[in-house]
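**Q** Taken in sequence, the protein lines are chains A and B. Everything in the first sequence is counted per my numbering, starting at 685 for the first residue and increasing by one. Everything in the second sequence is counted per my numbering, starting at 685 for the first residue and increasing by one.
Honestly, the hints are just simulated from the structure, not real lab data. One thing to keep in mind: the hints can contain errors.
A few chain A residues that face chain B, going by a derived Cβ cut-off under 10 Å, partial list only [as the list claims (entries may be wrong)]:
1) Leu706
2) Gln728
3) Ala832
4) Pro853
5) Asp862
6) Phe864
7) Lys918
8) His919
Just so you know, even glycine gets a beta-carbon here, dropped at the ideal spot from N, CA and C.
2 protein chains.
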Amino acid sequence: MSIKNVAIVCGTHGNEITGVYLMKKWQKDLSLISRESFSTGLLQGNPKAYEINRRYVDEDLNRQFAQKDLENPELGSYEENRAKVINQILGPKGNPKTDLIIDLHTTTSNMGPTVLIPQKGRFYNLLAAYVKQQMPEAIVFCDEDSRANEEHHLLCTVGKYGVIVEVGPVPQSVLRHDVFEQSEQLTQIILDFVELFNQDALPELPESVEVFRFIKSLTLPVDEQGERIGMVHKHVQDSDFAQLNPGDPLFMKFDGEAILYDGDKTVYTAFVNEAAYYDNNLATSLMEKATLSTK
Amino acid sequence: MSIKNVAIVCGTHGNEITGVYLMKKWQKDLSLISRESFSTGLLQGNPKAYEINRRYVDEDLNRQFAQKDLENPELGSYEENRAKVINQILGPKGNPKTDLIIDLHTTTSNMGPTVLIPQKGRFYNLLAAYVKQQMPEAIVFCDEDSRANEEHHLLCTVGKYGVIVEVGPVPQSVLRHDVFEQSEQLTQIILDFVELFNQDALPELPESVEVFRFIKSLTLPVDEQGERIGMVHKHVQDSDFAQLNPGDPLFMKFDGEAILYDGDKTVYTAFVNEAAYYDNNLATSLMEKATLSTK
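One chain only, chain A, in its complex shape (with noise of 0.2 Å):
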């Protein structure tokens, strides 16, 4: 089955402005996205947050895209609707017009190019391992929900198949040039692969390709009031995807003492310290190293 509808989102959280840029520059010379085999269409996801310049207005729009959410006209928020207003642009979820969504995110965490990969499959399995073949510095990240897609949340699962490119480090509201390159690249390689891919014209891939699978979140230490009393150690902080080691300094509390790892393997970080994700107290992934088959 070859891919007809490519959509690239961008500005999906308000204040990562990167791919708004990018977004700019692409309506300019639609050249630039366009390739033989299918179509590229651009949406910005969240324009309204980009306009306060903050991540979203009421709520994350990234977590809204759940079937049962989308269906629910309960569910009223500025975020909940405009979910609705993109499943109905790119969806319908589960039968939708967009064959593939690359959705343009960016972190203050240290994760360089990551392409986000949120569900199990050979196109995926190829795709990751294109990437890594063009780009060997970008990152797989898997995090394929062992649940039905129609639960998925995330605003790429209303395509039939869905990516996140996630490049860090960049403050939020901040437009740093490395991460704009990086970012289009990136892009730029996953539209090359829809075209190889629909053209049965993929250059030779290794057998499998290494990726990093999300095991769980680490939050903060808090006291018993809630208040936090300690910070991502300075020995994690910009490791992502570096190891961590049972006993290695996690969190420094403010009175001075750390906190080691207790975990009883080595596992490695991402989305370390990244600023968003205060809101929900975390403070790390933790990911474990596997590996991707092309046969």
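Mind docking chain B on chain A? Use the hints.
**A** Showing chain B alone in chain A's frame:
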């Protein structure tokens, strides 16, 4: 004349949260900021902006402290009112009860630990020399407004003396362990300085100290409609206090063309691509090297 009352102010910008966490730490153990020869108070500049996790509610609090604005009851935005209250607490400006205000800030720019000095005088020159002696990696940033102190609009100018502790890089709304430590160390050094100054017990200081002095700001390139057409070039990004030479790449236009620095002499950058300055379309400050004398 000795310093009797010091005020440490934090959270003047609501999304610069490092100082707020330092305040919480110090409130639990006031001995950390106490010295024999003076008293030290703590004040959160803009609690409401901190609560909503924004720089400000209506406008930048740290621009509301010119004498004529403090005296103008017509100026009634949240921050214009808050400035009048802070002037009551720490001032009044011109005849203040506070001898020294230390205002804690952070920046998204790669400025390291910086002390910003907004006025001229022997007290400041000695402070600058002591800070550089105790913390050689610290930067002294002079922006002595040529206008009378009463026209200065910064919060710290409400005190008889005032300085800003400005540390980065850290994204808005993020607490970094290293930035927390640098902010604390720099503040402690300033408190130590005051103690030694009061006791006439300063160590031998070099005859002069190298500083950077603000020249002017550069704006981002825009088209005739005022729309941004480029970003800070990666040659300049993260290069705060590094040389910018005539002909160096300064901006990268979205169409791929670099804009070179067209000044006629070597300068230095600061506040490069600072998130908060996008409001005014500022790209970077330009600085020159200068020396302050301790004699």
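**Q** Need the list of violated hint numbers for this structure, in ascending order.
**A** 2 and 3
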